[in-house]
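*Asks:* Sequence:
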Amino acid sequence: MSHTQSLNNYLDAKPTLAEPSYPSNCLEFARHLAESLSSNGHAKNGKTSLKIILVGGGLGGLATAIALKQSGHHVTVYEKAGELSEIGAGIQVPSNSTRILIKLGLEKYLKPFVTEPEAIVIRRWQNGKVIGNTRLIPDFVDSFKAPYYVVHRADFLSALHKKALDEKIEINLGHKVSGYDPMKGDIILEDGTTHSGDLIVAADGIHSIARKCILGEDMVFQESGLAAYRNTVDVKRMRDDPEVSWVLERPSMNVWVGDAGHAMTYTIGSGKTFNFVLAHPDTTDPSTWDQRDNIGDMKSRFAGWDPVVTKIIGMVDSTLKWPLLNGSPLSRWASGKLVILGDAAHPMLPYMSQGAAMAVEDAAALTRALSKMESPAQLEEALGIFEKVRIKRTGQMHQASLLNSQLWHLADGPWQEARDAAMEPEVKGFPFAHSPNQWSDPATQMWCYGYDCEKEIDKEWENSLNK
Numbered sequence: 001m002s003h004t005q006s007l008n009n010y011l012d013a014k015p016t017l018a019e020p021s022y023p024s025n026c027l028e029f030a031r032h033l034a035e036s037l038s039s040n041g042h043a044k045n046g047k048t049s050l051k052i053i054l055v056g057g058g059l060g061g062l063a064t065a066i067a068l069k070q071s072g073h074h075v076t077v078y079e080k081a082g083e084l085s086e087i088g089a090g091i092q093v094p095s096n097s098t099r100i101l102i103k104l105g106l107e108k109y110l111k112p113f114v115t116e117p118e119a120i121v122i123r124r125w126q127n128g129k130v131i132g133n134t135r136l137i138p139d140f141v142d143s144f145k146a147p148y149y150v151v152h153r154a155d156f157l158s159a160l161h162k163k164a165l166d167e168k169i170e171i172n173l174g175h176k177v178s179g180y181d182p183m184k185g186d187i188i189l190e191d192g193t194t195h196s197g198d199l200i201v202a203a204d205g206i207h208s209i210a211r212k213c214i215l216g217e218d219m220v221f222q223e224s225g226l227a228a229y230r231n232t233v234d235v236k237r238m239r240d241d242p243e244v245s246w247v248l249e250r251p252s253m254n255v256w257v258g259d260a261g262h263a264m265t266y267t268i269g270s271g272k273t274f275n276f277v278l279a280h281p282d283t284t285d286p287s288t289w290d291q292r293d294n295i296g297d298m299k300s301r302f303a304g305w306d307p308v309v310t311k312i313i314g315m316v317d318s319t320l321k322w323p324l325l326n327g328s329p330l331s332r333w334a335s336g337k338l339v340i341l342g343d344a345a346h347p348m349l350p351y352m353s354q355g356a357a358m359a360v361e362d363a364a365a366l367t368r369a370l371s372k373m374e375s376p377a378q379l380e381e382a383l384g385i386f387e388k389v390r391i392k393r394t395g396q397m398h399q400a401s402l403l404n405s406q407l408w409h410l411a412d413g414p415w416q417e418a419r420d421a422a423m424e425p426e427v428k429g430f431p432f433a434h435s436p437n438q439w440s441d442p443a444t445q446m447w448c449y450g451y452d453c454e455k456e457i458d459k460e461w462e463n464s465l466n467k
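Reminder that position 67 of the sequence shown reads as 67 in the UniProt record's numbering, one-by-one numbering, no gaps.
Treat each hint with caution, since some may be false.
[Claimed, not checked] Distance condition first, Cα-Cα at most 16 Å in a straight line; then the derived EDC-like pairs of lysine to aspartate or glutamate:
#, residue 1, residue 2
1, Lys51, Glu170
2, Lys103, Glu170
3, Lys145, Asp297
4, Lys311, Asp412
5, Lys321, Asp290
6, Lys51, Glu217
7, Lys236, Asp317
8, Lys108, Asp166
9, Lys388, Glu456
10, Lys392, Glu460
11, Lys212, Asp181
12, Lys321, Asp282
13, Lys184, Glu380
14, Lys103, Asp452
15, Lys428, Asp412
16, Lys162, Glu83
17, Lys455, Asp181
18, Lys129, Glu417
19, Lys272, Asp234
20, Lys388, Asp452
21, Lys455, Glu28
22, Lys388, Asp458
23, Lys311, Glu380
24, Lys459, Glu19
25, Lys272, Asp240
26, Lys392, Glu456
27, Lys311, Asp290
28, Lys162, Glu86
29, Lys47, Glu249
30, Lys388, Asp282
31, Lys388, Asp290
32, Lys236, Glu249
33, Lys129, Asp412
34, Lys272, Glu116
35, Lys108, Glu167
36, Lys145, Glu116
37, Lys129, Glu424
Worth flagging that the hints you see were computed from the coordinates, not collected in a lab.
Generate the whole structure from the sequences, applying the supplied hints.
*Replies:* As structure tokens, this is what we get:
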């Protein structure tokens, strides 16, 4: 009997396994098996091909354009910048995002730029003692079928851009959108010209014009009272200093946590650049900040921290200070032929490192929802299902990010001691059922990194048919 015949016989004998209504991961093996045996591609081509205008050429916008194009839609991108670029330095690309990106064919575009950390190591602010440890290799690949990467934002965008061009997606740079007509499916450019589509997807960022058009008012941003210094450090300079060179020896993420602040470090650019982010409390108006004072202010705020942290701070030549904005969950993302996604829909604190990952999930989920359409008349239904699924998911991630900021920033005392004691088993390599470290906590891990946005769209579509 051939392998194909054996496989067909096995599939014919597939058991009926009822999905449990209680929280359980007992059927993960079956889901992984079904995925491995499936001959379907990432994006199912729907029966309806749409003319889609996508506003915004950032990470989420280009990921969405690629997914939609691969699903058979005609996609045109409009980006206000004259050239594609990303402000900032490092970005984490967790397994729930890389799994989608790999299915979209982006692995070869990302590989030259990414670093795959072995672990996420949480350290005490004062002396660097390891108090938490999340093994990424091989655990995340084994459990979530995708690696966990870190990469420079500019390299990530460059990879998406190259892939989009190879997909023959039209990208119009220097075209600023000044308005929308959701009912007609029109965008109005700053020069007054109008372009129409069957669907307008706005991935126009945290200061989204489309969001205000959908809601009738702008989002209310919540004061986080936090800011961050984003830095890159010369790797050669660090290697020449024995007190800090050990941080570079193995590709890992290290995060020092303390009272109302933390320091996150990892290498990017295939180990050529060291990414160094320092979060701290700051309730002052960002418009009053003088960026020329940043180095001295950064040294002052982190005085008394682990000498490794303070020594690396001394190697920083220049830094930018950023306010950490915390958006409010929205009740709707779509109106007529207009839908928002990415930071336009769900800006959140960076403490789960899931902002861009949520945009990549948005891309796959929207593509899946549109693939269900039998005709353009079902656009409203498809957008409603996309909106419902993604509002729930991103709202929960918003909560998780806020909780992480609180867990990391505990002041020394009984709560901090109890937190650190609860993470001891993972540090010592002992089995554990729960952890304050959300990267390690088994239930949070499966929810965060094992989430299948396409499956959730499928389930909600089925539910809508049965109503």
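*Asks:* It remains to establish, for every hint, whether it holds in the given structure.
*Replies:* Status of each hint after checking the structure:
Between Lys51 and Glu170 the alpha-carbon distance is near 12 Å, which keeps this suggested pair within the 16 Å criterion. About 22 Å separates the Cα atoms of Lys103 and Glu170, which puts this hinted pair outside 16 Å; it is violated. For a cut-off of 16 Å, the pair hint linking Lys145 to Asp297 is broken: about 43 Å separates their Cα positions. Between Lys311 and Asp412, the direct Cα distance comes to roughly 23 Å. Violation of the 16 Å bound is thereby established for this hinted pair.
Under the criterion of a C-alpha separation no larger than 16 Å, the hint pairing Lys321 with Asp290 is consistent with the structure, at around 9 Å. A hinted pair counts as satisfied when its Cα atoms are at most 16 Å apart, and Lys51 with Glu217 does not qualify at roughly 28 Å. About 14 Å separates the Cα atoms of Lys236 and Asp317, which keeps this hinted pair within 16 Å; it holds. Straight-line distance between C-alpha atoms of Lys108 and Asp166 comes to about 13 Å, which keeps the hinted pair within the 16 Å bound.
Restraint check: the Cα-Cα separation between Lys388 and Glu456 comes to about 10 Å, which is no more than 16 Å; the hinted pair holds. Our distance criterion of 16 Å between C-alpha atoms is met by Lys392 and Glu460, whose separation comes to about 12 Å. Distance restraint check for Lys212 and Asp181: the Cα-Cα separation of roughly 12 Å lies within the 16 Å cut-off, and the hinted pair is therefore satisfied. For the proposed pair Lys321 and Asp282, the alpha carbon gap of about 10 Å is at most 16 Å, so the pair holds.
Note on Lys184 and Glu380: the hinted pairing holds, with a Cα-Cα distance of about 13 Å set against a maximum of 16 Å. The suggested pairing of Lys103 with Asp452 holds, with an alpha-carbon distance near 13 Å, which does not exceed 16 Å. Proximity of Lys428 to Asp412 is assessed by CA-CA distance (about 22 Å); at most 16 Å being required, the pair is judged violated. Distance check on the hinted pair: Lys162 and Glu83 sit about 13 Å apart at the alpha-carbon level, within 16 Å; holds.
For a cut-off of 16 Å, the pair hint linking Lys455 to Asp181 is broken: about 32 Å separates their Cα positions. Restraint check for Lys129 and Glu417: satisfied, since their Cα atoms lie roughly 13 Å apart, inside the 16 Å limit. Between Lys272 and Asp234 the CA atoms are separated by roughly 8 Å; this keeps the pair inside 16 Å, and the hint holds. The straight-line distance between the Cα atoms of Lys388 and Asp452 is roughly 15 Å, inside the 16 Å bound, and the hint therefore holds.
Under the criterion of a C-alpha separation no larger than 16 Å, the hint pairing Lys455 with Glu28 is consistent with the structure, at around 13 Å. Between the alpha carbons of Lys388 and Asp458 the distance comes to roughly 12 Å, so the proposed pair stays at or under 16 Å and holds. Pair hint Lys311 plus Glu380 does not hold up; C-alpha atoms about 56 Å apart against a cutoff of 16 Å. Distance check on the hinted pair: Lys459 and Glu19 sit about 12 Å apart at the alpha-carbon level, within 16 Å; holds.
Restraint check for Lys272 and Asp240: satisfied, since their Cα atoms lie roughly 14 Å apart, inside the 16 Å limit. Proximity of Lys392 to Glu456 is assessed by CA-CA distance (about 11 Å); at most 16 Å being required, the pair is judged to hold. Using a Cα cut-off of 16 Å, the hinted pair Lys311 and Asp290 is violated, with the two alpha carbons roughly 24 Å apart. For a cut-off of 16 Å, the pair hint linking Lys162 to Glu86 stands: about 15 Å separates their Cα positions.
Of the supplied pair hints, the one linking Lys47 and Glu249 is violated, its CA atoms being roughly 52 Å apart against a limit of 16 Å. For the hint pairing Lys388 with Asp282, the CA-to-CA distance comes to about 35 Å; that exceeds 16 Å, so the pair is violated. Restraint check: the Cα-Cα separation between Lys388 and Asp290 comes to about 42 Å, which exceeds 16 Å; the hinted pair is violated. The suggested pairing of Lys236 with Glu249 holds, with an alpha-carbon distance near 12 Å, which does not exceed 16 Å.
Restraint check: the Cα-Cα separation between Lys129 and Asp412 comes to about 14 Å, which is no more than 16 Å; the hinted pair holds. Between Lys272 and Glu116 the alpha-carbon distance is near 13 Å, which keeps this suggested pair within the 16 Å criterion. Note on Lys108 and Glu167: the hinted pairing holds, with a Cα-Cα distance of about 14 Å set against a maximum of 16 Å. With a CA separation close to 14 Å, the supplied pair Lys145 and Glu116 stays within the 16 Å bound.
In summary, the hint linking Lys129 to Glu424 is supported, as the alpha carbons are separated by about 12 Å, within the 16 Å threshold.
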